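**Q** What follows is each chain in one-letter form.
Protein chains: 2
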Amino acid sequence: MVDIATRVYNHKWKIDPIVRSLIDTDFYKLLMCQSVFRNKPDTQVTFSLINRSTHIPLANLIDEGELREQLDHIRSLSLSRGESTWLRGNTFYGKRQMFRPDFMEWFEGMRLPPYHLERKGDQFELTFEGKWHEVMLWEIPALAVLMELRSRAALGPMGKFELQVLYARAMTRVWEKIEALREVDNLSIADFGTRRRHSYLWQDWCVQAMHEGLGNAFTGTSNCRIAMMRELEAIGTNAHELPMVYAALADDDEELARAPYDVLSDWHDEHDGNLRIILPDTYGTKGFLDHAPDWLAGWTGIRIDSGDPATAAQTAIDWWRARGEDPTTKRVIFSDGLDVEKIKELHAQFAGKAKISFGWGTLLTNDFRGLVPNDALAPFSLVCKAVSANGRPTVKLSDNPNKAMGPADEIARYKRVFGVGEQAAQKVIV
Amino acid sequence: MVDIATRVYNHKWKIDPIVRSLIDTDFYKLLMCQSVFRNKPDTQVTFSLINRSTHIPLANLIDEGELREQLDHIRSLSLSRGESTWLRGNTFYGKRQMFRPDFMEWFEGMRLPPYHLERKGDQFELTFEGKWHEVMLWEIPALAVLMELRSRAALGPMGKFELQVLYARAMTRVWEKIEALREVDNLSIADFGTRRRHSYLWQDWCVQAMHEGLGNAFTGTSNCRIAMMRELEAIGTNAHELPMVYAALADDDEELARAPYDVLSDWHDEHDGNLRIILPDTYGTKGFLDHAPDWLAGWTGIRIDSGDPATAAQTAIDWWRARGEDPTTKRVIFSDGLDVEKIKELHAQFAGKAKISFGWGTLLTNDFRGLVPNDALAPFSLVCKAVSANGRPTVKLSDNPNKAMGPADEIARYKRVFGVGEQAAQKVIV
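Just so you know, the protein sequences line up as chains A and B, in that order. Heads up, the first sequence is in our numbering, so the first residue is 1 and it goes up one at a time. Heads up, the second sequence is in our numbering, so the first residue is 1 and it goes up one at a time.
What the hints contain is simulated information worked out from the structure, not anything from laboratory work. A portion of the hints provided could be inaccurate.
[Claimed, not checked] With a straight-line cut-off of 16 angstroms between C-alpha atoms, the simulated EDC-like cross-links for lysine to aspartate or glutamate are: (1) 95(A) x 272(A); (2) 344(B) x 176(B); (3) 160(B) x 212(A); (4) 355(B) x 326(B); (5) 160(A) x 212(B); (6) 131(B) x 42(B); (7) 160(A) x 204(B); (8) 160(B) x 204(A); (9) 353(A) x 318(A); (10) 95(A) x 270(A); (11) 355(B) x 325(B); (12) 415(A) x 254(A).
[As the list claims (entries may be wrong)] These stretches of chain B come out as covered by chain A in the derived footprint (C-beta under 8 angstroms, 3 or more residues): (13) 3-14; (14) 151-161.
All of these numbers come straight from a predicted model, not from anything done at the bench. Just so it is clear, CB atoms sit at the ideal spot from N, CA and C, and this is done for glycine as well.
Next comes chain A alone, as it looks inside the complex (with noise of 0.2 angstroms):
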């Protein structure tokens, strides 16, 4: 029997929204805005969408009149009870009331500010301005819209088995590497691919089959929505936007060697436990942690998120050892360009010399690639970063020369302030 009503209700959809939810978004994102809220509510920064993979022409592929009315539809949601309730209710990394009754309330009441779009030649220029705390919830909606309508752009043209078939196709590739994944012992494995994935609906299906093809070596998904309506964990620390922008905030060389820790500094007093996760690279791991304090090597672990992982993670190895600590007791989170050969590559290099997490983002969500003609779903990269705060520019270094941005001239004071030398270029897969 056809359900008429839903069928005439479906029909007055204006659009077929690809972000439904304020919490479509990943855990990280609530925990940092919390953070700014407290910390830095004051401060202006600019985001902005930045395509480094410049070979794909975004605007000739994607409608703006669609794309200004899914950014549209985006700034019309806010919390639903349900949304808040869980926010306000559950436990997250086994903690209660995670998120304060005064940042509740304000993001209750919370709607996400304009956005400014323009085309310039066959790419959109994309940006959030205002407060940090707001502004910085566009950047995963806003990828997730830019990411899933070049899908769209990519599926219009094919015919219903195609379709199917393709998904078939990606389905059963996910579920090999699930298979293949089910041979490491030990393994703990977490969803970080909401932010460039194929489309709502498949991140969702990925995530499914992980919990049931991986069982409890499946530690949740970074996406609070599906956590939510999976009832799974919702996992995330946080992010370069925090040591970016504070960094930009300083006045001078000498808070801003000290703003990365002074972020640390903040978050130690707001976290404990499993949410105490260095991410070391922003400005080049081993910089950071030569210069570290102390009691950041009592932190539970860290985050490898740019450059060559092996190295970044026997850095924090020889670091954790160098200052006392037994690093068979902390956590290393690897979560930068991961696929199933590099998962077990890792696994194999670090398990007993530490914890070993993975956090597994585009080539789980969105590894569509020889699927169409033309490739026309490969991943690429696409990034939305705060590039100013309070007027300044911000930079990002990391460990990887290819993923450094900001301007020229700041890149070179920030390479100096961090004592950053000769970096190895890797590929940006994703």
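Chain B: place on chain A using the hints.
**A** Using the frame of chain A, we list chain B on its own:
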């Protein structure tokens, strides 16, 4: 929105029926049924299920109670008004009113006769006794029920996503076959896979995928229900049961020798054009053609269903030429043990020498080989045959001694009467 009424209605199902329509059967069964209804209305025939794959212990895999429920459900079916309208109003092979009013009137009132089911070791003995034109209609639903219950037994322990990936893999396999067949110029291929399909829904999917993927090269399906629902051509002509029963009814060797031609004489009176397709192998292709009356050489084509297909096709081509016919105007339909490689090979070998068609069966609608542990979904060789007529045993020789059936002394007699010498054994795939 959940449609509550639908949900409640679904709760009321006693079983999930496998066969839901009397025309979920092969088109040629209906053509033959009409022919028998006219020419041999009083013949008493016994059909019997035969599992040629004795290593598959059907009675251990399938619950007898469930099997009875499915068979009982089939006995409750009658022709629906829409199905009757379709049979009466549709064009088949370009012709209207293929089914005569007296036949349709009888068919509209028909219910399938009782079955006899008994467990014998780890196999089932399943037989149908009664008027030929009634019991013959058990063949396809009986096979479909056993095939699908065996599929369900293998699928039962599987998880939700495991199942989805299983079908994803099977879909990908079918689609890759379709992609390979797209490269064959002037292909003409139909679905003949009802009897040993994985399931009804799966056959329906395969047919639709063939339709989308091959366009006009896909000429239709033998399944009447699917042809009706998907607005495709229903395909099929006649089968071995006609000469087998006619032969069993023969009173002496002379009548026996004439029986296969008597069948086609009756057919000749009823049908013309593309329905005049010779099935020559029941008692050996070579002898059948050598002794055939000249009017048979005027028929439209031939169907190759056992033995080495290339040899049989060449035999037919030589025979047409010897009888003064132009083989390039004749149709050769291959329908035995086909898969993509064989189809491409036969097409390459005979294109230009005759009009070539393919009736693709089990390896279209049931190729789950290698997709589950112990290959528990691999197709197997289950048949349901007329084993006696008016108390006399039937015999089939075919061009493959591995497909021969009947009592040994009768097989010897038939071989003598039809002058069948040494035959090359072919592995029976499905």
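**Q** For which of the previously enumerated hints does the structure constitute a violation, in increasing order of number?
**A** The structure breaks none of the hints.
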